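Asks: The lines below spell out each chain.
6 protein chains.
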Amino acid sequence: MADKDLIEKTRKTAELYFKGVQDERPFDLWKAFDKDLAKELSLFITGQMYAREKIPHPTRQLVTVACLTVLARPDELKLHIQAALNVGCTRDEILEIILQMAVYAGFPAALEAVKTAAAVFGETQ
Amino acid sequence: MADKDLIEKTRKTAELYFKGVQDERPFDLWKAFDKDLAKELSLFITGQMYAREKIPHPTRQLVTVACLTVLARPDELKLHIQAALNVGCTRDEILEIILQMAVYAGFPAALEAVKTAAAVFGETQ
Amino acid sequence: MADKDLIEKTRKTAELYFKGVQDERPFDLWKAFDKDLAKELSLFITGQMYAREKIPHPTRQLVTVACLTVLARPDELKLHIQAALNVGCTRDEILEIILQMAVYAGFPAALEAVKTAAAVFGETQ
Amino acid sequence: MADKDLIEKTRKTAELYFKGVQDERPFDLWKAFDKDLAKELSLFITGQMYAREKIPHPTRQLVTVACLTVLARPDELKLHIQAALNVGCTRDEILEIILQMAVYAGFPAALEAVKTAAAVFGETQ
Amino acid sequence: MADKDLIEKTRKTAELYFKGVQDERPFDLWKAFDKDLAKELSLFITGQMYAREKIPHPTRQLVTVACLTVLARPDELKLHIQAALNVGCTRDEILEIILQMAVYAGFPAALEAVKTAAAVFGETQ
Amino acid sequence: MADKDLIEKTRKTAELYFKGVQDERPFDLWKAFDKDLAKELSLFITGQMYAREKIPHPTRQLVTVACLTVLARPDELKLHIQAALNVGCTRDEILEIILQMAVYAGFPAALEAVKTAAAVFGETQ
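Residue numbers (our numbering), protein chains in the order written: chain A, 1 to 125; chain B, 1 to 125; chain C, 1 to 125; chain D, 1 to 125; chain E, 1 to 125; chain F, 1 to 125.
Read the hints as simulated data drawn from the structure, not as lab findings. If you're wondering where the values come from, they're calculated on a predicted model, not measured in any experiment. Don't take each hint at face value.
Copies of the same chain look alike in the list, so a pair counts if it fits in one copy or across any two.
As the list claims (entries may be wrong) - Below are the DSS-like pairs computed for lysine-lysine, each with C-alpha atoms no more than 27 Å apart in a straight line: (1) LYS78 <-> LYS4; (2) LYS4 <-> LYS115; (3) LYS31 <-> LYS78; (4) LYS31 <-> LYS54; (5) LYS115 <-> LYS39; (6) LYS35 <-> LYS19; (7) LYS4 <-> LYS39.
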């Protein structure tokens, strides 16, 4: 169902975001249970959603960091802080976005995210 | 406790974000109950948090739209979609950010936010 | 299954909390669908949980207002702000608790709750 | 990118779930803003996710009702209670699932969902 | 307050759901703090809510897995994936339900739940 | 921007709440990234919000425990259970508040909080 171009766009976008990430990439777990599903998910989310060119990758990634700060999902947050650095966000920008979340989602949400960011920055300096 | 510069910076930032907004501005309600508190909140959030110059206003506002999409707070979302337009975000950028949230917070969250955005765009064309 | 004492304790506690409340009381809706269930729920929550004497009713009710501020459930919040006034909480205490939530759950949560409180206070002055 | 079979499977699944639904169907709003995106979303969610044959449609729909009860998204909940009836769930099953949510997500979440269910049942008797 | 039948029904239902579960059962913790309360909770939730015969146990348990996937409560989720297997749900059904949650509550929620399911399946093969 | 009185009030309030707390205090992490910001946050939240004298400290702290029980933020919850003990709340009051949350936010939320409380009580006996 997926043509060659979509597969290539998916591969390139995944490489851009998750290059050098040591932890499990998001689709590895799905793959273990249902290989076809994992491929479809990857083509849809990475190849069709993430590869849309309406906003620059750093903006897209800062927004994702903000969202995961609110949602209390530290593993995914860690992965996407790494991805944010990969697409060119600075540490200061990432922290500023997390701080901004304190106003809208409360200080505990921001505090947990600052801990996660500190852990990622410590591993990637 | 607040010096003249902070008051001026707060006024200017509030003007930038909420110019032309017909609905109640966020601090009006607090003001009705505790005038001193409302002033302190305004000086802190608008004058100290929002006025930080670490990221551009449009990025800050897209991130806020994303966060409010996740949190199921339509009134605040409406206000900040208006503010996003005020600081120079385009409609396409706002919708793209909302769509991005579908991946992380589910499609119902995004769908509700698209409805809110459609309402704001209808009023401000 | 429920003895006379529990039924009486349930009735008295419900009267204390919801006296004069015009909106639907929480168990009315359950009653329409499953009368036995509604009775069991009422005996358990009102008669066994709410009637516990470990903390004073006003403290219990301020805590409930705080929780519903966080959870984005305005109808239940309205009901429990009415109940808070019924058990002797003051308006200032209720607003103070809502404000406290801004720090932990974000300003939009608190802002929505202030609106709900203003509506209740307007109806009950 | 989508072959004929997927388009046909999507159409049939959508017909099964949303037959006779008067409110906006989920993808109508996306369509107004980005027609291609709406088509991709529809093919992916309806044609690939919903049409998976691992669990019966009524189970899938009861689970969706449960999830939307927790998430405080009444418009989507209304739509999926209608869809649940369309795929053969009974009113009693839907209410039982909502009640079950009270234990895990609290009584206010269940209470709001009972109100929504009552509204749908009133319209579709 | 509880008659013999309710106690017996509670015991049987608990046995059905949590047979062989090594981790703490849900009421053990309450028991350590307030023995009477723990007994009341157990009789109410297990004996009255869970033992209702309106929907089959596997459906009830799939719905609970869905709800806990959304709520970000991994310990309770683990317990109820074990219970789902105990009442006869298959691994494929459990994973399918978790995947379904990605659409409504976002992929991070589903991803965390898949990790938890993988851990339970590893321990119980 | 902050006068001497505010600094002193902030210091005293922080001492009252967090005396003897071994874990990181909330502002330590912010301090590592932005010293000025951390000071502003501390003066605003501790010195202006927490030091408000509208409700007694134990009530304020029970409400905070309730809120963090709902929000699934165990590290912050731990810190504030310690603070609750510091300002004079009893263990029974803290547990009663957590139990109350089961009704409004579900039993898993309460169960996680009971575990956290048990851990704090074990360390501080």
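Asks: Work down the list of hints and note, for each, if the structure agrees.
Replies: Structure-based check of each hint:
Neither within a single protomer nor between protomers do LYS78 and LYS4 lie at most 27 Å apart by alpha-carbon distance, with minima of 31 Å and 40 Å respectively. In this assembly of identical chains, LYS4 and LYS115 lie within 27 Å of each other by CA distance neither inside one copy nor across copies; the values are 41 Å within and 31 Å between. For a Cα distance limit of 27 Å, the shortest separation of LYS31 from LYS78 qualifies both inside one copy, at 21 Å, and across copies, at 21 Å. Taking CA atoms no more than 27 Å apart as the test, LYS31 paired with LYS54 passes between copies only; the shortest distance there is 17 Å, against 29 Å inside one copy.
Taking the shortest alpha-carbon separations for LYS115 and LYS39, only the inter-copy value of 18 Å comes in at or below 27 Å, while the best intra-copy value is 33 Å. In this homomeric assembly, LYS35 and LYS19 come within 27 Å of each other (Cα to Cα) only inside a single copy, at 22 Å, whereas the closest approach across copies is 32 Å. In this assembly of identical chains, the alpha carbons of LYS4 and LYS39 lie at most 27 Å apart whether taken from the same copy (13 Å) or from different copies (20 Å).
Hints 1, 2, counting from the list given before, are not met by this structure.
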